[in-house]
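Undergrad: Chain residues, written in single-letter form:
Protein chains: 2
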Amino acid sequence: MKLHALKLFFVGRPIPTAQARHERLTKRSALAVFASDALSSVAYATEEILLVLVLAGVGALVVSIPIGIAISVLIAIVVSSYRQTIRAYPQGGGAYIVTKDNLGTMAGLIAGAALLIDYVLTVAVSVAAGIAALTSAFPALFAYRIWLGVLCIAAITTANLRGLRESGRLFAAPTYLFIVSFAGMLVYGFVRWMFGWETPAPPAPEVVAEGMQSVSVFLLLRAFASGCTALTGVEAVSDGVGAFKPNEARNARIVLVWLGAILITLFMGITFLAHHYGAVPRVEETVVSQLARRVFGGGLLYYEIQAVTMLILILAANTSFSDFPRLAFFLARDGFIPRQFGTRGDRLVFSNGILILGGLAALLIVIFGGDTHALIPLYAVGVFISFTLSQSSMVRHWLRVRGVGWGWRCALNGLGATVTGVVMIVIAATKFTHGAWLVVLLIPLLVAAFMTVHRHYADVAQQLSMEGYDPPPPIQNTVLVLVGDLHKGVEAALRYAQSISPSVKGVYVELDPEKTRRLEEKWGKWGLGIPLVVLNSPYRSLLGPFLDYLDHLLALGENHMVTIIIPEFIPSRWWQHLLHNQTALLVKGALLFRERVVVVDVPFHLKR
Amino acid sequence: MKLHALKLFFVGRPIPTAQARHERLTKRSALAVFASDALSSVAYATEEILLVLVLAGVGALVVSIPIGIAISVLIAIVVSSYRQTIRAYPQGGGAYIVTKDNLGTMAGLIAGAALLIDYVLTVAVSVAAGIAALTSAFPALFAYRIWLGVLCIAAITTANLRGLRESGRLFAAPTYLFIVSFAGMLVYGFVRWMFGWETPAPPAPEVVAEGMQSVSVFLLLRAFASGCTALTGVEAVSDGVGAFKPNEARNARIVLVWLGAILITLFMGITFLAHHYGAVPRVEETVVSQLARRVFGGGLLYYEIQAVTMLILILAANTSFSDFPRLAFFLARDGFIPRQFGTRGDRLVFSNGILILGGLAALLIVIFGGDTHALIPLYAVGVFISFTLSQSSMVRHWLRVRGVGWGWRCALNGLGATVTGVVMIVIAATKFTHGAWLVVLLIPLLVAAFMTVHRHYADVAQQLSMEGYDPPPPIQNTVLVLVGDLHKGVEAALRYAQSISPSVKGVYVELDPEKTRRLEEKWGKWGLGIPLVVLNSPYRSLLGPFLDYLDHLLALGENHMVTIIIPEFIPSRWWQHLLHNQTALLVKGALLFRERVVVVDVPFHLKR
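Chains as they are written, first to last, in the numbering used here: chain A, 1 to 608; chain B, 1 to 608.
Looking at chain A on its own, in the form it has when it is part of the complex (with noise of 0.2 Å):
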């Protein structure tokens, strides 16, 4: 009971079927549900960059703004080809319906496990990346950093249970001010640069170390595909059609186009500036605090973008509590997860889904020490899974269907598919080492789970079937009591057997000869005129001499029942359990798997 008011106080109150409502979103308010996401990562793409190029040495540096470019070009890309997946679903199409309509069960299976990886790293990532925004602005903070993520994701994980919706008014504010001060921060600091107010940037920590590398293909390779982060998130348009206001696919095609040109903007303005004003990845202070620092010299507007920054980060935290309850509803729908996922608790929620991610990703944070770094790795690879699946689907999607300019859309999606695999190789390869190995041998795991359960729920569904019920003959059931002594609790079973059958039997097993007479003495004055059977222990066991007498009665027939009613007083308080052989639970331990058996327990309420 304790446990449902402190289910109460932090879920609140169930809330009627009848309520579920659906709100349509305009363009400015669906631009601010949907942008947060894909928007929080140039908080630390930048930064994974410069991570990479560092290692060849401060003097690498200069080579992120080429790479920020060719980003840049792959994020208009890829936003090319998801207008074409709008077009095509306009009632929302996630990478793991368009797959599974496309190229078949299989393939999109891939894309639902790596979808659901996905989400939960979007978390992980995010809410760390947002702890690292705070703990630059507060570097005593540092310390306690995986138990601030650990507590912020608990908070995430209880707004969602109390059923968060993702209302526009929640999200607009955040995000709107996100993208006003970056877009301030970034004017201010181009315009600083380029009149040379500049803050002198501190003595650049050059050392040539031992072992320091030269700037290969490979490192330039994995450069890229760590600032490819910064991609994360931009097919959330494409996947929340459904909620635009009508006409719904033209406004997502638009809101999208809007998305992709902010992001590319905000990420190629932190990426020039960061190397204009001299900012190198360090542990304590991330790349963005060091910017806003440099160009502001600290102050309230400093505080500000790193407030706003965090925000953003636990916003897109947030989505992923809508996106993976959604997937594993759909999961759970088609039979691949277990059906728990499919039901709706008392707020409306996906309750489930919500817990498993929160638990996920508070583990993560754990695990990985609440470093944004440790985790990227692992994270883009199912992004571009997803990506690559989802636009290959859709070029299979125009070659069947056609329709007008099918042509140009088909090469579109072709070209994304083929730009997004490549990158997902490229990912894979450079940082297999790093983490992502973790991610492509857990796909194919999760993969076989899915087939598993399924096969599973056939076969259930297969024995349970009434196709072809052929009514076997009527039960014969035969009730057995079973004593150890005669008293109110065993009294009140026998009425209650009574009361279900006309041909009761009470059975004891004989430990000591002297108690069989006592309790056949009681027997004859209280035992109902029910017949005993008196069941011979010569080792003192309780249930082998009764589950001898049990096989023979079921050898009687296949029609046979036996109903085993053991009458058992439940004490007034938990302790005083102790204090007594817990035979009714012994016996139903041991005929749990036996078919034809039924137990019962017959409780008799002690009041002290």
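Hint data in this document are derived by calculation from the structure and do not stem from the laboratory. Check each hint, because a few of them may be wrong.
The list treats identical chains as one, so a pair stands whether inside a single copy or across any two.
To be verified - Here are the simulated DSS-like cross-link-like pairs (lysine-lysine), alpha carbons at most 30 Å apart as the crow flies:
1. K505 with K27
2. K522 with K588
3. K525 with K245
4. K588 with K607
5. K27 with K488
6. K607 with K515
What you are looking at is a predicted structure, and each value in this text was computed from that prediction instead of being measured.
Start from chain A and add chain B according to the hints.
TA: This is chain B only, laid out in the frame that chain A set:
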């Protein structure tokens, strides 16, 4: 099933009740069986005295000899006192029974609590001292002493679960070997000392350390208290009079005198020679080991002494494994501890008592780091409480019963009670801060627990008693089958329900009207003519509407009962349970404490 095989391997096959037998012991065998506990204490008693005296410098160690003499006198008094107990209780007079008989239940329970603690400590102290004998001979093992101790306890526990008996055969060889070896060492050591062949003692490690204590009365009393551990176990003979060959009491009295004489000889011999051979307490080597090394100059005889010391200490630990379960049996029979301690297991032994004893002793070994000295302060208090209570009971006994020579017997027991009572206070006072407080605190707590358990059993017996039983009106049993769908599993439950009641109802909680329609269609076809009650659930809760309906049925009258049948399909593999909603569990959990409600699972076994 694997668990069962494991048990079979370690514990062996069940033994039939008919094989229970009682061995009668000759005086020689009896000495072997009952002496190990008392004699083994010479392995550490001298060392404990020296350990206190050394606080006042090596010069103070000579005081060990008068202290040893005082303890020898104490042994003589206690032995004489217990000879009177044997006369009065020729069937065996354990402190619990004797005290309960003569001084009442409360005093008996205090003795019982003291004894239970004492038995646990006997195991822990003896095993720790036995391992110390081993690591003195092989110093490389010193680092593993905790785990060696735990392993040793596990082995003794297993042997006792198999039904190791206190057979004269098992005990005779090690006990007599111990007596002969130690006697040999003492004689040879005495001769060497007499003739001045003495091995030069190593340089005395005398450093007049700061904070060195002076030889105060308190220190002398503490040293005396520490040495009193030599007395632990002398009561064993009087507890086991019933095991002697006739004339039991006479034989037991003779054996007790032998035991006392041997104990005093060995203890005084070791104390005397330890001083003259310059043995001082050290962490890594016991005093007995130092003495043996110097007397024999190392070599085979030294290792033989260490081996028999370890062996007798393990035998001493082993005696607690019969004493503790036997006392627990008496306490359980009288309803002061859980009944489970009153039943014999497969192998005719009191398995629960053996397991608890082994577990607690192992815990003590781990907590106290396997260090004999750390455990000693806890040890002697309980022993002397039971001595005092037992001797006081005898005074009361003689006053009541009288008989031949009751006057001087009473005086002797009175002397015993007074002396042991004073020693008890000395021990509790001088060792209070070193750990004795724990025992002083634990005894009243245990007594309170005994009383609580006793009251509960009395309450239950009264509530269950058929005394004045007034048969209530016949039961009106409503049988409900809780359904979520209609498949073969539900069909089996419906057919079962019909076999126990002519008026069954199906109950369905509606979450989705569309599903209700489909169910009703199936129900018309396969529902066996059973009416279907559909309950509305605005909050998607399965339980809420059902509990309301249940309340309504139970409100019909005190003689109304409701049987709730839950169709449950049992998957063939454990992991498949995770793939199904645990509705049955949920419903059972919610109804567990409902009166007049019986929940019945009707299992349907899936084959794959």
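Undergrad: Give a verdict on every hint.
TA: Checked hints:
1. K505 with K27: neither (75 Å within a copy, 54 Å between copies)
2. K522 with K588: Classified as within; 27 Å inside a copy, 33 Å across copies.
3. K525 with K245: neither (80 Å within a copy, 46 Å between copies)
4. K588 with K607: both (25 Å within a copy, 21 Å between copies)
5. K27 with K488: Neither. Shortest intra-copy (73 Å) and inter-copy (52 Å) distances fail the 30 Å Cα cut-off.
6. K607 with K515: within (27 Å within a copy, 43 Å between copies)
In summary, the structure is inconsistent with hints 1, 3 and 5 from the numbered list given earlier, while agreeing with the others.
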